[in-house]
Amino acid sequence: MLASHYTIWCNVDMDQLTDVLTAISHPSRRAIIGKLAESGPTRFTDVAKPFDVALNAVTKHLKLLERAGLIERERQGREVLISLRPEPLRLVAGWVHEYERFWNERLDQFEQHFKDKRKKERK
Amino acid sequence: MNSAKTIEIKVERTIPAPPGEVFDGWLNPKIPGNPWNMAEKLLLNPKVDGFFYWNAKGISHYGRFTEVARPGRIQHTWVSPNTLGEESTVTVIFKKQGEDTLMTLVHSGLPDTDGGRGHEKGWNYFLDLFPLQFTDASRERK
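From first to last, the protein sequence lines stand for chains A and B. Sequence positions in the first sequence follow the numbering used here and run 1 to 123. Sequence positions in the second sequence follow the numbering used here and run 1 to 142.
Hints are not guaranteed to be accurate.
[Said to hold, decoys possible] Listed below are the simulated BS3-like cross-link pairs for lysine-lysine, each with C-alpha atoms no more than 27 Å apart in a straight line:
| id | chain 1 | residue 1 | chain 2 | residue 2 |
| --- | --- | --- | --- | --- |
| 1 | B | Lys10 | A | Lys115 |
| 2 | B | Lys96 | B | Lys57 |
| 3 | A | Lys60 | A | Lys49 |
| 4 | A | Lys120 | B | Lys30 |
| 5 | A | Lys63 | A | Lys35 |
| 6 | B | Lys30 | B | Lys96 |
| 7 | B | Lys95 | A | Lys117 |
| 8 | A | Lys49 | A | Lys63 |
| 9 | B | Lys10 | A | Lys123 |
| 10 | B | Lys41 | B | Lys30 |
| 11 | B | Lys96 | A | Lys115 |
| 12 | B | Lys57 | B | Lys41 |
| 13 | B | Lys10 | A | Lys117 |
| 14 | A | Lys117 | B | Lys96 |
| 15 | A | Lys35 | A | Lys49 |
| 16 | B | Lys47 | B | Lys96 |
| 17 | B | Lys47 | B | Lys95 |
| 18 | A | Lys119 | B | Lys96 |
| 19 | B | Lys30 | A | Lys123 |
| 20 | B | Lys47 | A | Lys119 |
| 21 | B | Lys10 | B | Lys96 |
| 22 | A | Lys115 | B | Lys30 |
| 23 | B | Lys95 | A | Lys115 |
| 24 | B | Lys47 | B | Lys30 |
| 25 | A | Lys35 | A | Lys60 |
| 26 | B | Lys10 | B | Lys57 |
| 27 | A | Lys120 | B | Lys57 |
| 28 | B | Lys96 | A | Lys35 |
| 29 | B | Lys95 | B | Lys41 |
| 30 | A | Lys120 | B | Lys95 |
| 31 | B | Lys47 | B | Lys10 |
| 32 | B | Lys10 | B | Lys30 |
| 33 | A | Lys119 | B | Lys57 |
| 34 | B | Lys41 | B | Lys96 |
[As the list claims (entries may be wrong)] From chain B, some residues computed to sit far from chain A (all C-beta separations above 12 Å):
| id | residue |
| --- | --- |
| 35 | Glu8 |
| 36 | Arg13 |
| 37 | Pro16 |
| 38 | Phe51 |
| 39 | Arg64 |
| 40 | Thr66 |
If you're looking for bench data, these hints aren't it; they were derived computationally from the structure. A quick note: this is a predicted structure, and the numbers were derived from the prediction, not measured. Think of the CB as a built atom: it goes at the ideal place given N, C-alpha and C, for glycine as much as any other residue.
One chain only, chain A, in its complex shape (with noise of 0.2 Å):
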């Protein structure tokens, strides 16, 4: 278990990460995300649409969205549909919580371990 946690740890793209979190970081991006995920793929001017910003604002927000790999772009005639991404999302979250997982871990069997004997204090 603790090798693995190592082993993941290790792997994560540090430059695909740092996209990310940068992506994250600023609330409009934030609020993209969230309108994707509730919305499915999405027209840009409906993507804009929430935000009193100019469109170049927006647009350079998707372009760092894109760059993280969370979102995609289809062009649908006239349109382009822009979609979530949410697989790098799971990168961050493996980076960010292999000691969170380890604690949980370890306080679970020691937890258990206080429970099961006290079952067998009151039989």
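Put chain B on the given structure of chain A with help from the hints.
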């Protein structure tokens, strides 16, 4: 620790035993679940300025106890390959909760490498947004 930003992990459990017993259990390598129990090679001196060393699957961990205050609190440093050689800090707090103990473990000072620097808020956000994916990812890795 250098000036790089760090992250913190917090884990809580309610343990069905009084704080003194839980405290002692956390420092007893024979009790499953504490970090010492999984060691293949262990040196453990749980007193202030006492050191520990443990090794499992060829991976070494080192640290120094900075607080050992029965039954309420244990704090020690923690150095491993995952801390990139930096000292992180593990603080364990045992708080009486009726017949039980609320045990809170905080692992702080974990290095926030280039990839994560400055983006803690983002993590919290996407944890809220995609809980199912994290659960699935976690299950896949287990």
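Outcome of the hint check:
The straight-line distance between the Cα atoms of lysine 10 of chain B and lysine 115 of chain A is roughly 22 Å, inside the 27 Å bound, and the hint therefore holds. Note on lysine 96 of chain B and lysine 57 of chain B: the hinted pairing is violated, with a Cα-Cα distance of about 35 Å set against a maximum of 27 Å. At most 27 Å may separate the alpha-carbon atoms for a hinted pair to count; lysine 60 of chain A and lysine 49 of chain A meet this at roughly 15 Å. For the hint pairing lysine 120 of chain A with lysine 30 of chain B, the CA-to-CA distance comes to about 18 Å; that is within 27 Å, so the pair holds.
With a CA separation close to 16 Å, the supplied pair lysine 63 of chain A and lysine 35 of chain A stays within the 27 Å bound. Taken as a hint, the lysine 30 of chain B and lysine 96 of chain B pair is honoured in the structure, with Cα atoms around 23 Å apart against an allowance of 27 Å. Taken as a hint, the lysine 95 of chain B and lysine 117 of chain A pair is honoured in the structure, with Cα atoms around 19 Å apart against an allowance of 27 Å. This hinted pair checks out: lysine 49 of chain A and lysine 63 of chain A have alpha carbons roughly 17 Å apart, not beyond 27 Å.
Between the alpha carbons of lysine 10 of chain B and lysine 123 of chain A the distance comes to roughly 34 Å, so the proposed pair goes past 27 Å and is violated. About 13 Å separates the Cα atoms of lysine 41 of chain B and lysine 30 of chain B, which keeps this hinted pair within 27 Å; it holds. The straight-line distance between the Cα atoms of lysine 96 of chain B and lysine 115 of chain A is roughly 16 Å, inside the 27 Å bound, and the hint therefore holds. With a CA separation close to 10 Å, the supplied pair lysine 57 of chain B and lysine 41 of chain B stays within the 27 Å bound.
The straight-line distance between the Cα atoms of lysine 10 of chain B and lysine 117 of chain A is roughly 26 Å, inside the 27 Å bound, and the hint therefore holds. With a C-alpha separation of about 18 Å, the suggested pair lysine 117 of chain A and lysine 96 of chain B falls inside the 27 Å cut-off, and the hint holds. For the hint pairing lysine 35 of chain A with lysine 49 of chain A, the CA-to-CA distance comes to about 11 Å; that is within 27 Å, so the pair holds. A threshold of 27 Å between alpha carbons decides the hint, and for lysine 47 of chain B with lysine 96 of chain B the separation of about 22 Å falls inside it, so the pair holds.
In summary, the hint linking lysine 47 of chain B to lysine 95 of chain B is supported, as the alpha carbons are separated by about 20 Å, within the 27 Å threshold. Between lysine 119 of chain A and lysine 96 of chain B, the direct Cα distance comes to roughly 19 Å. Compliance with the 27 Å bound is thereby established for this hinted pair. Of the supplied pair hints, the one linking lysine 30 of chain B and lysine 123 of chain A holds, its CA atoms being roughly 23 Å apart against a limit of 27 Å. Using a Cα cut-off of 27 Å, the hinted pair lysine 47 of chain B and lysine 119 of chain A is violated, with the two alpha carbons roughly 32 Å apart.
At most 27 Å may separate the alpha-carbon atoms for a hinted pair to count; lysine 10 of chain B and lysine 96 of chain B meet this at roughly 18 Å. A distance of roughly 16 Å separates the Cα atoms of lysine 115 of chain A and lysine 30 of chain B; the hinted pair therefore holds under the 27 Å criterion. Between lysine 95 of chain B and lysine 115 of chain A the alpha-carbon distance is near 17 Å, which keeps this suggested pair within the 27 Å criterion. Taken as a hint, the lysine 47 of chain B and lysine 30 of chain B pair is honoured in the structure, with Cα atoms around 18 Å apart against an allowance of 27 Å.
With a C-alpha separation of about 17 Å, the suggested pairing of lysine 35 of chain A with lysine 60 of chain A holds against the 27 Å cut-off. The suggested pairing of lysine 10 of chain B with lysine 57 of chain B holds, with an alpha-carbon distance near 25 Å, which does not exceed 27 Å. For the suggested pair lysine 120 of chain A and lysine 57 of chain B, the alpha carbons sit about 33 Å apart, so the restraint of at most 27 Å is broken. Distance restraint check for lysine 96 of chain B and lysine 35 of chain A: the Cα-Cα separation of roughly 44 Å exceeds the 27 Å cut-off, and the hinted pair is therefore not satisfied.
A hinted pair counts as satisfied when its Cα atoms are at most 27 Å apart, and lysine 95 of chain B with lysine 41 of chain B does not qualify at roughly 31 Å. Taking the CA atoms of lysine 120 of chain A and lysine 95 of chain B, the gap is about 24 Å. The hint holds against a cut of 27 Å. A distance of roughly 23 Å separates the Cα atoms of lysine 47 of chain B and lysine 10 of chain B; the hinted pair therefore holds under the 27 Å criterion. Our distance criterion of 27 Å between C-alpha atoms is met by lysine 10 of chain B and lysine 30 of chain B, whose separation comes to about 24 Å.
Under the criterion of a C-alpha separation no larger than 27 Å, the hint pairing lysine 119 of chain A with lysine 57 of chain B is inconsistent with the structure, at around 33 Å. With a C-alpha separation of about 33 Å, the suggested pair lysine 41 of chain B and lysine 96 of chain B falls outside the 27 Å cut-off, and the hint is violated. At roughly 10 Å from the closest C-beta of chain A, the C-beta of glutamate 8 of chain B falls inside 12 Å, breaking its exclusion from the interface. Listed as outside the interface, arginine 13 of chain B is inconsistent with that label: its C-beta sits roughly 5 Å from the nearest C-beta of chain A, within the 12 Å cut-off.
Remark: the non-interface label on proline 16 of chain B conflicts with the geometry, its nearest Cβ contact in chain A lying 5 Å away (cut-off 12 Å). At roughly 20 Å from the closest C-beta of chain A, the C-beta of phenylalanine 51 of chain B stays outside 12 Å, upholding its exclusion from the interface. For arginine 64 of chain B, the requirement that its beta carbon stay farther than 12 Å from each beta carbon of chain A is met, with the minimum near 19 Å. Every CB of chain A lies more than 12 Å from the CB of threonine 66 of chain B, the least distance being 18 Å, so the non-interface label holds.
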